[in-house]
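**Student:** Read top to bottom, the protein sequences are chains A and B. Position in the first sequence (first residue = 1) + 44 = my numbering. Position in the second sequence (first residue = 1) + 44 = my numbering.
FYI, nobody ran anything at the bench for these hints, they're computed from the structure. Warning: the hint list may mix true and false statements.
No copy labels: a pair is met if it fits in one copy or bridges any two.
With a cut-off of at most 20 Å between alpha-carbon atoms, the simulated SDA-like pairs for lysine to any residue come out as follows [claimed, not checked]:
(1) Lys-179 x Arg-117
(2) Lys-288 x Asp-64
(3) Lys-179 x Phe-230
(4) Lys-288 x Ala-183
(5) Lys-179 x Ala-136
(6) Lys-288 x Ala-331
(7) Lys-288 x Ala-58
(8) Lys-179 x Ala-47
(9) Lys-179 x Glu-289
(10) Lys-179 x Gln-66
(11) Lys-288 x Ala-60
(12) Lys-179 x Leu-283
(13) Lys-288 x Arg-57
(14) Lys-288 x Phe-219
(15) Lys-288 x Gln-66
There are 2 protein chains.
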Amino acid sequence: MIATGFTGGWLDRADAVRGDMQALAAALADPRARLMRLTGGDPAIDADGAIAWTSIAEAEGTPIFLGLDDQRRPHFAESRAGDAAGPARSGALMRMLDALPPGDAAIFGTVRSITGWHARSGYCANCGSATAIIKGGWARGCPNCGAEHFPRVDPVVIMLAECGGRALVGRQAAFPPGRYSALAGFVEPGESMEEAVAREVFEEAGVRVSDVRYLASQPWPFPGQLMLAAIATAESNALTIDTKEIEDAFWVTRDEVRAALAGAEDARFLPPPPYAIARTLLEEWTAT
Amino acid sequence: MIATGFTGGWLDRADAVRGDMQALAAALADPRARLMRLTGGDPAIDADGAIAWTSIAEAEGTPIFLGLDDQRRPHFAESRAGDAAGPARSGALMRMLDALPPGDAAIFGTVRSITGWHARSGYCANCGSATAIIKGGWARGCPNCGAEHFPRVDPVVIMLAECGGRALVGRQAAFPPGRYSALAGFVEPGESMEEAVAREVFEEAGVRVSDVRYLASQPWPFPGQLMLAAIATAESNALTIDTKEIEDAFWVTRDEVRAALAGAEDARFLPPPPYAIARTLLEEWTAT
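For reference, chain A alone in the conformation it holds in the complex (with noise of 0.2 Å):
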């Protein structure tokens, strides 16, 4: 299978924990218990740019259960009260997130998913009243009328369309000047994956797509996305650009993707970040 950005953490997320208040306890109880702890939405780290853990003791409020090491040690993270991470990345996580090793980076990952959500989401939907954390910080629970929230993966597809050797590569006005990436959007109530894919590259592109093959997935932590790659065959390269959903895209062949992923000084864009599944996307798409 094909390694993506954010995943391989090497936690047993050990979920039978999670509903058992005595174990619970037990493993908050636990002298060799770890921590991570963020702040503004990002975390510690050490020397090496791995997660710097703490102590269990240093915890201020009800950490989020994370799972147990293989020497069964439990780990737990927690957000600052009132410290809620947006969905932008600061410079300083990005320059993490390059050295972070791809086991601590998958356990930030899931980390920043959940505390984000929990910060977005103190209240029922279905009644307004005042939620709180439940089964080790993976649900809220409504003590008004009994309603069990769980955090939100919103899955998002992620595609390259194909047409005479060529894939279409997009950007958004919000990206670093010169990055191109693959086309994305979410994926909506009532569509397959498949249908996701069609749909947005018709409406960024106006380009009419078949034969969506998927590729590989990956989480996204930026609030919280299932983020599913795929390929498509397009009818046609003729673009209309939805320029409220994309500012650019054009047309780039194997060669140019490759001089792109090599940071050639005349490489006609420059690529996503290493922990985005749109590079693993040009980079198996370069292999094919």
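Got chain A sorted already, so can you dock chain B onto it with the hints?
**Tutor:** Same frame as chain A, but now just chain B:
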């Protein structure tokens, strides 16, 4: 591509109309505009077993804009006020689904997902205030904090582990008697589709899998999932069933699956219904 249940809707979602107040008003005022009404979560059906559309003049509240057909006729839907359906399917609905044309089932699925989400999401998760329908029914806006909330689509993995020519099927206690299906579970924050498949098969059946191969997807409107179907290779056939998750599981041969799909009297199990991707997964597996 593999055809799956609840796909193939025949409306252009025309998403640009949703956010354009003038275009939306024009669509609502179009005398040709049609309305799907749900009662208890179920659609009205005509004598041929297809969706019975009525005139937009019948709308009571703020209907959801579904899109345009090939004659550019606007289509809308609404649920009667205070008439929310639970995630369960009524017996009448299950009989309807056996007969609904696939494109109609896809549009009904979209409506069922969105109306159910509105019924459960009248308050802002961020601040607790009452929210209002915006964007033609495709979002809710909070007048207090300004948050916009979009319908949830929860990704779910559904998979066959295979070992020595046999595939693993299981049953939940709530299934009809004799029914066995593919194992399934929600994708959690911070994991890929492939990681979710491996975690769920291990949690539910104690089986380690690798080489997860994506097969197909479908939307599932009870209440609003994106089902991602896969086949994976099991390391061994020893089972440790978590009876809190599933009631039973066993390994079946391709011949046993073929007999079940054919409805043979002596079949070892009853298969899932035709509109469920679990059945597609079993059909595809027998063809490999």
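**Student:** Out of the numbered hints, which ones does the structure contradict?
**Tutor:** Of the numbered hints, 5, 6, 8, 12 do not hold.
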